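Since the structure of chain A is provided, determine the placement of chain B on it from the hints.
Number of protein chains: 2
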Amino acid sequence: MATVPTTRWDDLLSTRAQIGWTSPATARRRGASLTESLYEFGGGLPDPASFPHDGMLDATARMLREEGDLAMTYGEAQGYLGLRQLVCRKYEIFENLITEPENILVTNGSGNALSLAFSTFVDIGDAVITEAPTFSGTLNTMRRHGADLHGVPVDAEGIDTGKVREVLEALRSQGRRCKLIYTIVNFQNPSGPTMSLKRRQELVALAAEFDTLILEDDAYGELRFEGHTLPSLYALDTNGRTLRAGTLSKILGAGVRLGWLCAPTEMIPALQGFLFGGGVNPYMSRVATYFLRDHLEEHVELLINVYRDKRDAMVRGLREELDATDAEISNPEGGFFIWIKLPTGTDTKELAKWAAEASVEWRSGSGFMPNGGGQEFARLAYSYESVQKCYDGGLAFAKAIRQSMS
Amino acid sequence: MATVPTTRWDDLLSTRAQIGWTSPATARRRGASLTESLYEFGGGLPDPASFPHDGMLDATARMLREEGDLAMTYGEAQGYLGLRQLVCRKYEIFENLITEPENILVTNGSGNALSLAFSTFVDIGDAVITEAPTFSGTLNTMRRHGADLHGVPVDAEGIDTGKVREVLEALRSQGRRCKLIYTIVNFQNPSGPTMSLKRRQELVALAAEFDTLILEDDAYGELRFEGHTLPSLYALDTNGRTLRAGTLSKILGAGVRLGWLCAPTEMIPALQGFLFGGGVNPYMSRVATYFLRDHLEEHVELLINVYRDKRDAMVRGLREELDATDAEISNPEGGFFIWIKLPTGTDTKELAKWAAEASVEWRSGSGFMPNGGGQEFARLAYSYESVQKCYDGGLAFAKAIRQSMS
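Read top to bottom, the protein sequences are chains A and B. Following this note's numbering, the numbering of the first sequence begins with 1 at its first residue and continues without gaps. Following this note's numbering, the numbering of the second sequence begins with 1001 at its first residue and continues without gaps.
Chain A with its partners taken away, still in its complex shape (with noise of 0.2 Å):
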């Protein structure tokens, strides 16, 4: 029934549900999903126009034909072995990395993946690490596990290894062990930078030095506009003490909700033990793999002409305005977003108002915080609109900074 009586329900539920429970709205957190805005740079929403319809349609026919059945009936628990193979393939083509289907596992997009890494190692009130800023949905999975956060901060390297050696040693003396170390390796969401090589080769040997897990994020590696690929941190590590998670929401559409865990294969099952439900979906893996089995080269490299120029565009849109003032702007060499710190004088809560006026979709850095501030940042993503409004709309975000400047 839609009317709710007033029965008390809430003295019976779980320590992990009880988290943030005192104000529920916020467990209906604001999700990657379009709004009115006449400028939609908030979630991290794929480019529209690259949707392959006529593809998936095609995919779907050849699929049907070749192996229906299948599709429509329950599947393997660690997901669909095309999918998984083709996984690998990519990680082969991209990175020149050498991984087996056994090693991955099949999850409702890659917050799902996460999730799977945070229920298998943390307990409520472990110890994680985690760049600062990092991806807010991130945070309230870690938050959900009840995971105790040490954010470290990112610099133009990326994460900040030596800053993660004094955390790792501060929790050493405490006779804690911190249980994984959560990272952004590639065009870090928010903050744009990617890992350098040597901070790799230094947080792997971290993890060893203090016996510790890396779970690695990798949702945007293979839209790269400029620059070149770096091995993974799954790459480096011989000590396989990564887990890795990678997602088609980017590359094909966030919608199939297909994502994955790569990680050593004896692991696989801890993992999965979290999985319920038989597997995630063996008819839509199907799908997505006929298309991309075909298209994925040509379909990525679609995407990063496209990616590439609105960047371009919202960068050239934000410093017609911002270049006058003390404001550090993001240049990312790939991904969907920009991270700006807002110049010295910005009032947060006027931005808010004219960003608002100006029908501006934007995300305030605070919500990327694992401890707290970040109001002087602020994430646009440029991914969802055209070139046009990505130049228009940063131009009419800068402008609205300007109004905010006291």
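Calculated directly from the structure, the hints in this document are not laboratory data. Misleading hints may appear alongside valid ones.
The calculated SDA-like cross-link candidates involving lysine to any residue, where the alpha carbons are at most 25 Å apart (straight line), are [claimed, not checked]: (1) K389/A x E1067/B; (2) K1198/B x I1093/B; (3) K163/A x W1009/B; (4) K1198/B x T7/A; (5) K1341/B x E1226/B; (6) K1163/B x W9/A; (7) K1389/B x A1356/B; (8) K349/A x G374/A; (9) K1389/B x D69/A; (10) K1349/B x E1333/B; (11) K389/A x G373/A; (12) K198/A x T1007/B; (13) K1389/B x L70/A; (14) K1353/B x E1333/B; (15) K163/A x R176/A; (16) K341/A x V300/A; (17) K1389/B x N1371/B; (18) K1353/B x P1343/B; (19) K389/A x L1070/B; (20) K1198/B x E1157/B; (21) K1341/B x H1299/B; (22) K1163/B x R1143/B; (23) K341/A x L70/A; (24) K349/A x S37/A; (25) K1198/B x A1156/B; (26) K1389/B x R1319/B; (27) K163/A x W9/A; (28) K389/A x D1069/B; (29) K1163/B x G1175/B; (30) K163/A x L1012/B.
For the chain B half of the interface with chain A, some residues (derived, Cβ under 10 Å), not all of them [claimed, not checked]: (31) A1071; (32) G1075; (33) G1273; (34) G1277; (35) G1279; (36) K1399; (37) Q1403.
Computed from a predicted model, the values in this text were never measured in an experiment. Note that CB positions come from ideal geometry on N, CA and C, so glycine has one too.
Okay, now just chain B, sitting in the frame of chain A:
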């Protein structure tokens, strides 16, 4: 890399991950997937001949024309509104139950739906009441959550509510509370009975009296071959203490992995808090909805006829051999399963051998018991094989039983 180094990481596992970890192979549980057996009576696999391949392709084409971009991007965290409306319509058509889309949370099959309820309400060590026997997949999920399981027997009227009261009183006398009562109300899996109206009313009253919740699992309700549909616990419960799980797995295809929880609206945010990763499959939800919106009733009608014939054939085959024994064979009014109390003197090790010899895939009753026992039972699924094979395989399994009697 496929080569796994021997780094130790199992001392980093969470408490829940450690459950059953001494034998990691158990984590790779045998799902409802196909084996090589001649007679596939193991998992609850839907009838492949009924899969609407043409209908799915047609629905895909129409869906992409009408809302392609929306299908390929992030959707609502609660699930695609069209699917939630379809679920409400289904409840109205088959049960005359009025619900609102705000009551529905879309999940990756009903297994995922049930896991959300356990994550939301169950801490490690919390008491949960379940039927004995009950669905093995849910037993796995409850155990992974660390639930302290209290099994209550099932008779021809469903769960024994007298025994439920005894358990609730025993817990109360220990100063403990039952967090929830898990029950499969229609064609109980595996044992077959439909809970009587009287029992349903008693169970709802018990939940209120002892201040606990009910988790009502109903994956098969529409597939009723005979007898009358009774009101669900969710419909009877005016106190808002009942959550209900449903699925498209049995009326469309398990490969689409679409299920849901139906719950009081105020509970939805708490449950949604454990659905990490941006809502379940907007693309797949739309394809399924576009098909079922036009075909729901006729497709269910078709399936009822298919599964009734299969049940009849299997029961006939079993009885031909077993009527001369004291075996008890269920004759469920719907669903996918037959439950057999093996004749006195059946050697279950012998039965495993002879059934394998006859190439019959089946399940021992022991896998369905929350607190041990059950070896004297067997479950067969008649859902997957043809009518003829249900008869032949039923006969073959009955002969294997006869061969195993001392």
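### Message
Holds or violated: K1163/B and G1175/B, Cα atoms, limit 25 Å.
### Response
holds, 19 Å
#### Entry: Restraint status (C-alpha distance of K1163/B to R1143/B at most 25 Å)
holds, 22 Å
### Query
Does L1070/B lie within 25 Å of K389/A when you go C-alpha to C-alpha?
holds, 20 Å
### Task
Would you mind confirming whether the straight-line C-alpha gap from K1389/B to D69/A stays at or under 25 Å?
Distance of about 18 Å is within 25 Å: holds.
#### Entry: Evaluation of the interface hint that places Q1403/B against chain A, nearest CB under 10 Å
It is violated, given that the least Cβ distance between Q1403/B and chain A is near 31 Å, above 10 Å.
### 25 Å limit on alpha-carbon distance, applied to hinted pair K1389/B and A1356/B
Roughly 16 Å separates the two Cα atoms, so the pair holds.
### Query
Quick one, are K389/A and G373/A close enough, alpha carbons at most 25 Å?
violated, 30 Å
### Query
Would the pair K163/A and L1012/B pass a check requiring their Cα atoms to be no farther apart than 25 Å?
holds, 22 Å
### Task
Starting from K349/A, check that the Cα of G374/A is at most 25 Å away, please.
It holds: about 14 Å lies between the C-alpha atoms, which stays within 25 Å.
### Query
Should the hint that G1277/B touches chain A count as held when the rule is a Cβ pair under 10 Å?
Cβ of G1277/B sits 3 Å from chain A, so the hint holds.
### Message
Check the hint pairing K389/A with D1069/B against an upper bound of 25 Å on the C-alpha distance.
### Response
holds, 18 Å
### Task
Sort out whether L70/A lies within 25 Å of K1389/B, counting only the CA atoms.
Holds, at about 20 Å.
The structure is inconsistent with the numbered hints 10, 11, 14, 16, 17, 21, 23, 27, 36 and 37, although it conforms to all the rest.
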